[in-house]
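Student: Can you build the whole structure from these sequences, using the hints too?
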Amino acid sequence: MRRLALVVLILLVAGPAAAKETGQKSGRVVIGSKNFEESRLLGEIFAQLLESRTDLAVERRLGLAGTQVCFEALKTGALDVYPEYTGTGLVSILGEEPEEGASGTLNRVRREFLSRWDLWWISPLGFENSFEVAVPQELAEREHLKTISDLARISSRLRGGFGHEFVGREDGLLGLERIYGLRFGSVVPLQHALKYQAAGAREVDAVDVYTTDARLLLYKLVVLDDDKGFFPPYEAAALVRGETLRKHPEVGAVLGLLAGSFDEDRMRALNLRLQEGKEDEAVVARDALRELGLLKGVQGSESSETQAAPSTPGLSHYLWDERDALLRRTLEHLGISAVALLAGILVAVPLGLALERSRKGAETIIRLLGTTQTVPSLALLAFFIPFLGVGRVPAIVALWIYSLYPIVRNTYTGVRDADPRAVEAATALGMTPRQVLAQVRLPLAAPILLAGIRTAAVLTVGTATLAAFIGAGGLGEPIVTGLQLASSAMILSGAIPAAVLALVVDALLGWVERALRPRGLESRK
Amino acid sequence: MPSPQPSPPSLALEAVGVSKTYGDGTTALDGVSLTVAGGETIALVGESGSGKTTLLRLFNRMVEPSAGEVRVEGRPVSGLDPIVLRRGIGYVPQDGGLLPHWRIDRNVEMVPQLLGWDAARRKSRTKEMLELVGLSVETHGPRFPAELSGGQRQRVALARALAADPPVVLLDEPFGALDVLTRRDLHGKFLELKQILGKTLVLVTHDLAEAFRLADRIAVMQAGKILQLGPPEELAARPAHPYVKALLEARDA
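Heads up: the sequence lines are chains A and B, in that order.
Just so you know, we're using this note's numbering here: the first sequence kicks off at 1 and counts up by one.
Just so you know, we're using this note's numbering here: the second sequence kicks off at 1001 and counts up by one.
Careful, some of the hints might be misleading.
Unchecked claim - Quick list of in silico lysine to any residue cross-link-like pairs, SDA-like style, CA-CA up to 25 angstroms: (1) A/Lys-296 <-> A/Arg-28; (2) B/Lys-1245 <-> B/Tyr-1022; (3) B/Lys-1127 <-> B/Ala-1240; (4) B/Lys-1127 <-> A/Arg-519; (5) A/Lys-360 <-> B/Gly-1025; (6) B/Lys-1127 <-> A/Gln-439; (7) B/Lys-1189 <-> B/Glu-1233; (8) A/Lys-360 <-> B/Glu-1064; (9) B/Lys-1123 <-> A/Val-436; (10) A/Lys-75 <-> A/Gly-104; (11) A/Lys-360 <-> B/Lys-1127; (12) B/Lys-1225 <-> B/Ala-1240; (13) B/Lys-1189 <-> A/Arg-421; (14) A/Lys-360 <-> B/Thr-1021; (15) B/Lys-1123 <-> A/Pro-518; (16) A/Lys-360 <-> B/Thr-1026; (17) B/Lys-1189 <-> B/Ala-1246; (18) B/Lys-1127 <-> A/Pro-518; (19) A/Lys-228 <-> A/Lys-296; (20) A/Lys-146 <-> A/Phe-230; (21) B/Lys-1123 <-> A/Arg-519; (22) A/Lys-220 <-> A/Phe-127; (23) A/Lys-360 <-> A/Val-349; (24) A/Lys-75 <-> A/Arg-421; (25) A/Lys-75 <-> A/Leu-245; (26) B/Lys-1123 <-> A/Gln-439; (27) A/Lys-146 <-> A/Ala-198; (28) B/Lys-1225 <-> B/Glu-1040; (29) B/Lys-1127 <-> B/Gln-1094.
Keep in mind that the hints were calculated from the coordinates and are not lab data.
Tutor: Written out as structure tokens, the structure is:
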């Protein structure tokens, strides 16, 4: 047991340590992004530019789950930079009403973010990526839809398909309903990338989209005019910690080079490459920077050779051609799960024993602990970001909490219900309470206790896929990315190994359970 | 390893004016006094709830009295370390109370191991004890309790109680769960061992016939009191209480 813990610790420590080794540079910056293509691409562009033009070691935490996670991570210093949109800053983060005009919005968020949190909006990139409402082209032509007001006229006959975030936001569906009087016959909350497909297949009639999203073209959707000026301007910019700028002024200077570099058309073209060709964002980012002439010491001709094949990669590509990445993710996944589980055992077994000894309130405490199982995993993961930042630590803490209940419960009931006649005889013949516990009650409880650990292990390995949402890596990574790209092959390349891993862990622990089961207990019952 | 002091074959037990009231207010013992002579076998007879098991368990401090004093060889047990005391007193519960996850031989050598005997001595003692109760270390030693019959388990419990050669053995309904033939068989074994070993034995039973067969003296108990105490012949000749009389009649029927 101790040796296993050591191996896991080394795995966890060696990763970051090795990264530091190569980074014998002047410092380190952490770049984040949200979990959709454009945000990832911008994050990658920031990262490559900083790598090319500064001595800083750059760490990427791309694809974090949404605004809340990124913003909290930036505030707490887990991130130094991530791409954000001014409208999101104004409405989602500051909670204010949309302002007139792009420059008004930018000024407002600059002032507020600086004074409240010492966060800096730098180098607006030159394009806006607003929310818009789009409908299938065929529907627009048939019903003569040009504006959102037109849509409101017939909305009661239509099905809306909107992103989860959009449905609940005042600057989303709630406000639209209020301002335009939209009343959809039904509303289906959908994952962002799936909305386009759903609309393309006429499963839904109206969706929220981003201006620069290339899938508008792919699925033949028409953007409706926001005739009442409801959506605020969403200018893209780098959001940076003031502390980072003071420590490494070159970060501000270098990111400033990007100011005004992209317009909507160029951005849509870049997004198209990600969304259609399934190219890697690293390749697309390098091409974009090269076109802008911002990459140092790289010749322009390299591009075409290293470019990924534009054909859609299949499952075998992710499982075999990228087996190094698969192996790395599997190890990350196991590492996170193992540390959480070991910590769970170390805490839950003594806790279960203590509860059994005092009895008083034990059932209540165990029932309270049981409620942790009902907290949605993602919510629990997100909960720790303000305290623990993003990455492995909050993921391990969340998984650790999940692992506690089954182990505590089974330790408690197992030891409590251990054959009372054997316990009584052992005591009457002169075993100390400690000897009774170690030699009688725990061995008799072992099958139940191990079953609890096994439950916790499978739970942990399964839930660890969600850790990718907060940048902890693991097999959830391709699932999260695949969901953004609507790539089943990519999703499966994470989901299949994760399922196999859970089965293997279950079988392995089942074997351990049988091997450790005290022999005399077999023929009973 | 120095050989431990040879223990005397038997010790006298005393309970003086002992009462026991449990937390829930039930009175299990009500001012009971009893003296067991060294080497004597005494049977505590009564219905369940009469206090016989509670009285038995006072002697190895599995129960602490609410009032009165319990002595072993004249020394109050309240002044003795309960762990040390228990290792020096054999104990046989009704269902054997064997540790189900330990082999038979390990069960038998439990107390010697707690006392720190070396392996060779434990091994020879285990062999000796199993043979004493009519089992073999080769056949039964490596088995687990669940693989033996009820009667065999009870023999093992007896061997376990005797393994460290304690001067006193407490038996709580040791034959209660066995069928008639097995019980009769074990009664024979009990009398034989009693004869050879000469220990002080306290036997709890609800079966008066069993008490008549095995004990030197019998204490009939009811509602936390001893109604009558005397040799079997005396009880049979002069029952001092209607309940004792009823018991005798039930035995004869």
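Student: Going straight from one Cα to the other, do B/Lys-1127 and A/Pro-518 come out at no more than 25 angstroms?
Tutor: 24 angstroms, holds
Student: Given the hint that B/Lys-1189 pairs with B/Glu-1233, does the C-alpha gap stay at or below 25 angstroms?
Tutor: Holds, at about 23 angstroms.
Student: Starting from B/Lys-1127, check that the Cα of B/Ala-1240 is at most 25 angstroms away, please.
Tutor: Distance ~46 angstroms between B/Lys-1127 and B/Ala-1240 Cα, so the pair is violated.
Student: Is the hinted pair A/Lys-75 and A/Gly-104 satisfied, with a Cα-Cα distance of at most 25 angstroms?
Tutor: 24 angstroms, holds
Student: Given the hinted pair B/Lys-1127 and A/Gln-439, is their Cα-Cα distance within 25 angstroms?
Tutor: With a Cα-Cα distance of about 23 angstroms, the restraint between B/Lys-1127 and A/Gln-439 holds, given a limit of 25 angstroms.
Student: Is it true that the CA of A/Lys-360 sits at most 25 angstroms from the CA of B/Glu-1064?
Tutor: Between A/Lys-360 and B/Glu-1064 the Cα gap is close to 23 angstroms, so the pair holds against 25 angstroms.
Student: Keeping to a limit of 25 angstroms between CA atoms, is the pair of A/Lys-75 and A/Arg-421 held or broken?
Tutor: 59 angstroms, violated
Student: Between B/Lys-1189 and B/Ala-1246, does the CA-CA distance stay at or below 25 angstroms?
Tutor: 29 angstroms, violated
Student: Need the status of pair B/Lys-1123, A/Val-436: alpha-carbon distance at most 25 angstroms?
Tutor: Since the Cα atoms of B/Lys-1123 and A/Val-436 sit roughly 23 angstroms apart, the hinted pair holds (cutoff 25 angstroms).
Student: Mind checking the alpha carbons of A/Lys-228 and A/Lys-296 for me, to see if they're no more than 25 angstroms apart?
Tutor: 46 angstroms, violated
Student: What's the verdict on A/Lys-360 and B/Thr-1021, does the C-alpha distance respect the 25 angstroms limit or exceed it?
Tutor: With Cα atoms ~23 angstroms apart, A/Lys-360 and B/Thr-1021 stay inside 25 angstroms; holds.
Student: Between the alpha carbons of B/Lys-1245 and B/Tyr-1022, is the straight-line distance 25 angstroms or under?
Tutor: 30 angstroms, violated
Hints 2, 3, 11, 17, 19, 24 from the list above are not met by this structure, while the remaining hints are.
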